[in-house]
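Participant: Given next are the chains, with one letter for each unit.
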Amino acid sequence: MRLQGRELLEYLCQKFGPTGFENEVADAIIEQLEDNCDRIVKDTFGNVYALIKGESSDRVMISSHMDEVGFMITDIDSDGYIKFSNLGGIDPKVLYGKQVILGNEKTRINGVIAAKAIHHKRREDRFSVTPIKEMYIDIGAKDEDEVKEYVNIGDFGVFNSDFVFFGTDNKYAKGKAIDDRAGCCAMIEIIRRIRENNITLPFDTYFCFTVREEVGLSGARVAAEKVKPSRAIILESTAIGDIAGAPDHKRVADVGSGGVISIMDRSTIYNADFVNFTLNTAKENYIKAQVKRYVSGGNDAGHIHKSGKGVKCVAISMGTRYLHSPACVASMDDYESIRELVFAMLKNMKAEV
Amino acid sequence: MYNTLKQITLVHGVSGHEHRVANTLKEMIAPYCDESYIDALGNLIAVKRGYSENPKKVLLCGHMDEIGFIVNFVEDSGFIRVAPIGGINWVACAFGEVVSENGVHGVLVPNSGTKASDFAPDLMYIDIGADNKKSAERRVKIGDTFVLKSNLTKLNASRVVGRPLDDRAGCGIVLEIAKRVAAEPVADDIYYVFSVQEEVGCRGSKTAAFAIEPDVSLTFDVTGTGDTAGSKPMAVKLGGGAAIKIKDMSVICDSEIVDRLARLSKEKGIKSQLEILAYGGTDTSSIQMTGSGCRAGAISIPSRYIHSGVEMIDMNDYRACINLAFEFIKE
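So the protein sequences, as listed, match chains A and B. Everything in the first sequence is counted per the working numbering, starting at 1 for the first residue and increasing by one. Everything in the second sequence is counted per the working numbering, starting at 1 for the first residue and increasing by one.
In case anyone wonders, no lab produced these hints; they're calculated from the structure. Be aware that one or more of the hints could be misleading.
If you want the footprint, here are the derived chain B segments under chain A, 3+ residues with CB under 8 Å [claimed, not checked]:
1. 11-20
2. 67-75
3. 193-203
All figures in this text were calculated on a predicted structure; none of them were measured in a lab. Every residue, glycine too, gets a C-beta built ideally from N, C-alpha and C.
Sequences and hints are given; from them, build the entire structure.
Facilitator: Printed below as a string of structure tokens:
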């Protein structure tokens, strides 16, 4: 079934797609894009490429990653408790008492992340953070054998979290995996819009849905070597500091003020001309956009810009509060700003930027 | 030679913002090369074709970028918060005069009462003499870059102090080699690469080498010395000649290149010393490992007080680097 807008975002976010196990997300994207592009393929690494042919064979790449932070089962003890490791950066404070879904190719099963309850902790340990290695996942099994009827060592897990729209006019979205299914969702909607309006883009445009961003073993690296683009737009989520108690100069950006354009982060210094083109496109089309005000984080651009003979990159991020938790919060206004901005950029891109 | 070097150090070029340096060097090298272009990341690549029918490709590299600061926030007070680009020593930069790519002058200072050991970006700011945010934003915007002011000075007949010698000294050497090659043609194709973004992880030279696919490469960058008060033991000293790199933390140089450079130094009477650097890395590593790899070596310019406002080199070493590299290319 073809979904749109909010329904599509919710559908994608609720898919099971931890780093290294992105097939369910990939299949959902391929299904949503059927008949919409000139070619859609999946590579051996798991990346999905959708091609929209343009007037010139010069190549533009747009990339969003499909994977989300999650867990991997590392051990199962005789009492049926499951030890795990995190996939991607997760704050241990976030974990205790959270619901998760564990799974593999065949099964999905609910569980909770457990540790010693406050009642059982020594007084001096009560307010310290339990390290991940002392936590476990409880799936309600009586012993190891019962666990192994469902899952085994090496299987994956993700947060289990309802997707909710809230706030005035339901403007905000809360859920897991908004990082970076929001980018995937925007790309799908852009592809459809190009097709439905019979628009011919100036350049061959490769929409790349990539794997393994969260652990740095970037699928985008493989994608960039394959596509060999001259320019790339990276759609991401960025942690945002417009939260209680943060000093002004550490706020990064503001939720609701549009896509966050990076100038520099830990992995990339972005091409100044391409950044200016992005900001000007936003201005000319009355689309909200903001410049990232702190040097932090990194994304697939780190690999893409250094690929081949070099690629001009720009990153447009959705400012997301409480990133890498089951309750990421983002603004649907920002989502729409980013979608509109990227669409306008693709239509108006010239050879010189 | 000194005047050329001074001219190159006067141009602003923080990592990611090297276009001014690239344009300056493009003009300077034009008479000495067959063609030149600036690639997607901003690297300047110039080629001088050799007379051989089957020329090898030799890549010579110096990086254009310098360390500096990027504006990430303007306070209501008009003070400017910055983040570092490259390995900034905050103590060395505190109370320094800084200048932006657009020519805005200011001073980089710590919050009042901060201990020197606590100097860090969150406790420092640039004061450009603006009274408030609005007047500051008329001259500076987020993403603008600042550097410690360039200030090359001759101390005596051979020693030079100032910045950014890391690595405009390398750029200067590559340029001087280009002049020599133009005057005295060599068999092989020489690719002069002025790379970007070395200070943030050798990013530019990677894509430049990918495009060129060189057979051999030589990188020219500054290296530390062991001859300052309290310095760690290191065999390199200022005035000791061109430093032939054997290894640093990022690379083990091709041993045949090292041997050949050492032999040429002896045969031609060019002063040299062997370098093993226990910290840091250079474009040598990224060039060595790009594509299917290439034979990579490096000739370093001994330098005291690297990444400060008072980097010091000896012009005799500088000259030795040029002479040694030229003999290498000729052979």
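Participant: Closer than 8 Å Cβ to Cβ for three or more residues is the test here. Does the region 11-20 of chain B pass it with chain A?
Facilitator: holds (count 4)
Participant: Check, residue by residue, whether the region 193-203 of chain B contains three or more positions whose beta-carbon lies closer than 8 Å to a beta-carbon of chain A, and give the verdict.
Facilitator: holds (count 3)
Participant: Examine the region 67-75 of chain B: at least three residues should have C-beta closer than 8 Å to a C-beta of chain A.
Facilitator: holds (count 4)
Violated hints: none; the structure is consistent with every hint.
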